[in-house]
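Mind docking chain E on chain W? Use the hints.
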Amino acid sequence: MNAWLWAGASTLVLLVPCAVRALHGSTVDRLLGLELGGVVTALALVMLAEGFDRSIYFDLALVFTVLSFVGNLVLVRFVERWV
Amino acid sequence: MAWSDVLVAVLLGLAVVVQLGSVLGLLLMPHVYDRLHFLAPATSVAPVLVAGAVVTREALDHQGIIAVLIAVFLFAFQPVLTHATARAARIREHGDWRLQPGEAARRP
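Chain order of the listed sequences is W and E.
Under my numbering, think of the first position of the first sequence as 1, with each following residue one higher.
Under my numbering, think of the first position of the second sequence as 1001, with each following residue one higher.
In isolation and in its complexed conformation, chain W is listed as follows (with noise of 0.2 Å):
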């Protein structure tokens, strides 16, 4: 294993506290732990992408990244008057 790949393997052991507050507390605490939960995931997969000398695995991080803001920019909408 290389330094990519165990940066990598410890930003996905990241995921598992955003987890714990996505699955527990008020509806804006669980927003923060998806929130957060994103970023992690798109850094995990940019290290596992170059650990793992993948290039077109960067264009599902980049995807990612976008989808993952304008989502929660939705979600973030509906839970201030909806949800």
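Source of the hints: derived by calculation from the structure; they are not laboratory data.
The calculated label-pair distances, taken between Cβ atoms and stated as ranges, are:
#1 E:A1104 - W:G71: 33 to 41 Å
#2 E:A1059 - W:G25: 40 to 48 Å
#3 W:M1 - E:R1092: 41 to 49 Å
#4 W:S26 - E:G1021: 16 to 24 Å
#5 W:D59 - E:H1094: 36 to 44 Å
#6 E:P1079 - W:F52: 28 to 36 Å
#7 E:G1102 - W:W6: 49 to 57 Å
#8 W:V16 - E:W1003: 31 to 39 Å
Chain W regions said to be covered by chain E (calculated; three or more residues, Cβ under 8 Å):
#9 3-9
#10 15-22
#11 36-43
#12 49-59
#13 62-75
From the three backbone atoms N, C-alpha and C, an ideal C-beta is built for every residue, glycine too.
Only chain E this time, still in chain W's reference frame:
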């Protein structure tokens, strides 16, 4: 081990530590507005560190450009999401995001 490998390892280690701090802040802080502040390091500092590591190894080829794009996108747009989340928390708490009657404005 080349100096670039050492630099990459240091940047990646720092990125993981920054993300760990953010996750711990999200778990341990007592109030939702306190927790909001801990999104910032993971969404602004850590992506820049990871992009720096990728550019150090790959230069500005396909991987490097994508990593920089991700870092710039998160750096620019994640504060918008954080602001919207704080606004949603405030509206859920008080029904409106503006200062409520009888609520003192705290100024530094």
